[in-house]
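Colleague: Below are the chains, spelled out letter by letter.
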Amino acid sequence: MEQKIAVKVDDLTVAYNYKPVLWDIDLEIPEGVLMAIVGPNGAGKSTLIKSILGILKPIAGSVSIYDKPYDKQRSLVAYVPQKGSVDWDFPTTALDVVMMGTYGSLGWIKRPGQKEKKAALEALEKVGMLPFKNRQISQLSGGQQQRIFLARALVQNASIYFMDEPFQGVDATTEIAIINILKELRKAGKTVIVVHHDLQTVPEYFDWVTFLNVKKIATGPVKDIFNDDNLTKTYGINYKVSIQE
Amino acid sequence: MDITEYIKLVFTDYTLRTITMGTAILGAVTGMLGSFAVLRKQSLLGDAISHAALPGIAIAFLITGTKDTNVLLLGALISGLLGTFWIRGIISKTHLKSDTALGLILSLFFGFGMLLLTFIQKQPNANQAGLDKYLFGQAATLVESDVWLMAIVTGICLFVLLLFWKEFKILLFDADYTKTLGFNTNFIDVLITSFIVLAIVLGLQTVGVVLMSAMLLAPAAAARQWTDSLGIMVFLAAVFGAFSGVFGTAISATQNNLSTGPVIVIVAGVFVLVSFVFSPSRGLLFKQIRFIKNRRDLQLHNTLAFMFRIAETHENISHPHAIKILNNFQGFTKGTLQKLVRKNYVKLDGSMWSLTEEGFKIASNLYNQQSDNNE
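Heads up: the protein sequence lines correspond to chains F and G, in order.
In this text, residue positions in the first sequence follow the numbering used here: the first is 1, and each later residue adds one.
In this text, residue positions in the second sequence follow the numbering used here: the first is 1, and each later residue adds one.
Here chain G stands alone, though its shape is the one from the complex (with noise of 0.2 Å):
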């Protein structure tokens, strides 16, 4: 299948337009409040959170026999929730680390609910099949009624997001600082965990419990290269999030059907990588150009800081020195003083090269911006 005629299939197919929607928005709101996981420096919450839901999955299609999506969303949503505040219990009342908590509700929700899975598959009931997609996600069992229920709750989740926006910018920058104000910092706090397990859970039927919370960081951690704003940041990654739902799909629809939740977390993994590298104030590709060329401007300042110095020794500024005596002193290349040449600081004579009334001026002036520089 080629580009034009996928196209022209997300807008005439049912199926794979849901899917593209429905994966669209997802990342959008995973992006979104993934921004405040990353910055709260809770990137494992996101992993907890989804894997303590598969035992409500499995205990709602016990209690309600129906694989239905909703009930047995609700049964992740529950479990979620328990699993989180659990995490949150643990860390306040005992000495436990976060991470300890974490990864302990993780393990133990996850394997309880590995245990009622198999437990379900031996029932001799017809019915059971299809519950193990919630490990790793079926994108292709969406419906229209399941991208409107990821469409309301990201509008709700937009709504609170913009309402108590201030409260939330300032409990993640500071904390203590927060409570002495006067907010009641935890029911802030409840409020940003509640909408990230909700966002989490509903991801699952799409992308699974395994690699839920790849969604959940990765287009945050993109995002926050890019920007040094908490608006932009967040806006970007629910951007980054949404095309990597879109680009996932279309991916997995033209490549023979490659499953689509992996696909979808790799294509938010290079929106990583790409920023990493080419973020231009923090990417790893100009940090090292950057470093570069500060070596050469040093470079460029030694060798005129050392011309000057020799020229104050002189009565004449633009007394002539052979490049031996300049870089048999300090090293310096031809390729450094050509480049002050071009600049116009320094001029050749022959073989001899000396420094210009403006070369001079710029020398001498060296030192005072330097340490104007240092405020």
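Looking at chain F on its own, in the form it has when it is part of the complex (with noise of 0.2 Å):
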């Protein structure tokens, strides 16, 4: 089956001070996979996407996006970060947070309208948080908060998808209506990449992986390559994980 590459990243290497966090990591990643990166703490999972999306400079290396450089196809990339990154006392509501995932598209000083403002709705009934539309943000529980997040991202309507640990501290609720989303955006044929915690899960939720510690270990389809072997080689113990088929 010939498979178009949505993401292809090139001998990234990226340090901090003296220590290198990622070595010379090739990737590609096929279009419409629903993929998990895996690794212990400080194996650079969000390191990696992170400087796949110019966030975090890299020393060396090179990411492209459907063959072109990501800074020419902005527009087909959407990013979810890790919850705990911003302040959720922030003053504002989640319809306002969902809304600045339009804010790309409108570009330098042109306010949402009423086009964007449809669109940010659409989106969190997607995620069934449109009761909570004007609750502010501080309000919300853990797993809503990631799910306006989640929203934000839908919102820009891309075609790849990052997201940074989304199942962190949510509840199996939560957990199984964001894996819903997940797979509901890979049927309509878009990437998604998912720094990923839980090796229990990874075969139930993903059908690609990429096992990561500094240096990329393997890559591929999950049933194909997510094993003792692979896991042991990452996480530098003897892991026996019992896959049900």
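Fair warning: there could be bad hints in the mix.
[To be verified] Calculated lysine-lysine pairs in the DSS-like style (CA-CA distance at most 25 Å, straight line):
no.: 1; chain 1: G; residue 1: 93; chain 2: F; residue 2: 115
no.: 2; chain 1: G; residue 1: 334; chain 2: G; residue 2: 293
no.: 3; chain 1: G; residue 1: 41; chain 2: F; residue 2: 83
no.: 4; chain 1: G; residue 1: 293; chain 2: F; residue 2: 110
no.: 5; chain 1: F; residue 1: 57; chain 2: G; residue 2: 334
no.: 6; chain 1: G; residue 1: 41; chain 2: F; residue 2: 57
no.: 7; chain 1: F; residue 1: 117; chain 2: G; residue 2: 166
no.: 8; chain 1: F; residue 1: 68; chain 2: G; residue 2: 93
no.: 9; chain 1: G; residue 1: 293; chain 2: F; residue 2: 57
no.: 10; chain 1: F; residue 1: 83; chain 2: G; residue 2: 97
no.: 11; chain 1: F; residue 1: 19; chain 2: G; residue 2: 97
no.: 12; chain 1: G; residue 1: 166; chain 2: F; residue 2: 133
[Claimed, not checked] Simulated restraints on C-beta separations:
no.: 13; chain 1: F; residue 1: 24; chain 2: G; residue 2: 149; range: 35 to 43 Å
no.: 14; chain 1: G; residue 1: 343; chain 2: F; residue 2: 115; range: 45 to 53 Å
no.: 15; chain 1: F; residue 1: 19; chain 2: G; residue 2: 115; range: 34 to 42 Å
None of these hints come from the bench; they were simulated from the model.
From the three backbone atoms N, C-alpha and C, an ideal C-beta is built for every residue, glycine too.
Taking the hints as your guide, dock the two standalone chains into a single complex.
Modeller: Encoded structure:
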């Protein structure tokens, strides 16, 4: 099967001070996969996403989206940051945060109008947060805040979604709601890349996986490469997971 | 001087009118921009900038030999900007944390400025006196052209704020995300910071190097207590700042010419205090009231729920019980029961208490409601 490459990373190297955080990463992510990035703490999972998105500056390497430099393809890419990366006491409402997803297509100075508001309301509906649209964001639970972030990315109507630990600190209901949305995105032909911590759920949620520990250990279909060998290489201990087929 | 006399003077006396206008405009613009500093958690930045401006004033005087306000403030602006961008440079190029960088620049620039001031004072030149007024400010030296300058800068600032409102808001909330949308976050950041520097420099003549940061932070901190909307917060901060200026000037003029700058800062501080205590949603007072009310409601619920449970063991839901039975088990007070009687949930028959139909209904819904509330 001939598959287009959505994201291509070449020789990406990132270092804080003298310590390499990512070392010579080559990665090809085919279009339409739902991919988990797994690895131990400090493996550089978030750093990988942030460097692909240009938030962090790599010391070497390049990123292309559908064969063009990332800078030219920004509108195809949406980002869901870690929930803890912002101050939720910021004076604004849920709807307002979701509207921020439209700012990129609006560009400088232009204000969001009715069209943008409608798109934001639809995204809120999709994540089941419509009743909370006027809620001050600090009054939302952790799971609700995560859904707001997801809605903000959905508004961007991108082709490729990068998500940094969207399941962190959310309850089981929210986790199911989120994974259903991710699977819907994949069904619509989008590519979804998720930094993920819970190894038990990898085979159930994802069809593609990348093992990362400073270097790239392996990448490919879950059914082919999600095995004890790669887990041991990545986590450094003799890892055993029972994979239910 | 009584109040009516003072109000008359504000409209007739040139000096008092100028100072009142000047401090009001200054309060408004610093309050407005201070909101951004507070929300970016850069509260200390204002302090560093104002202290960093001092050597600029001294150097401007040394070079030109004049004490023209505009020349000195231009010097302050240059050295304030220099200090600010050094702080940014230190944070991004070294591993030092922002508080270290701020403290370092603040004390180095201030120390250098003080050194220059003492050097100037030793000069055999009759013109040197009065530069130290920039330490604590002297509102009495404001003239009409100063007020015009403040008004123009405030106007420009307001215009830029409205123009880039969306960009400022998203940068304040989530800078990383803003970058991924393709915005030049450095540009937005430099724009905000430059205006903060400009506002601080404008206030040096009135409030002085040492107290200037309070003008930036106090109105914004007070405003945050009253609203959950960024727009309203910025507006309120401007209003609080302006009123601090007006009231501060009034108090200082009527009370035997107390130094204006410190009085304005104290008034701004009173705004903060009142806001912290009396704000309906975030204030300490209403928080405490809500806490007590919740505890009372909980007591009522508990009592009702307990009576519901023992009523279920009887055929008649209104089976009467002595208070002893009710409070021996859980320690319920007569007060709580009487409150339930007033709500018609419980009736008192002699010394026996029993659940009413209505109370039974409410109590049986209590559990359902609670599970509903937990979504």
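Colleague: Are there hints from earlier that the structure breaks, and if so, what are their numbers?
Modeller: Of the numbered hints given earlier, those the structure breaks are 1, 4, 5, 8, 9 and 13, listed in rising order.
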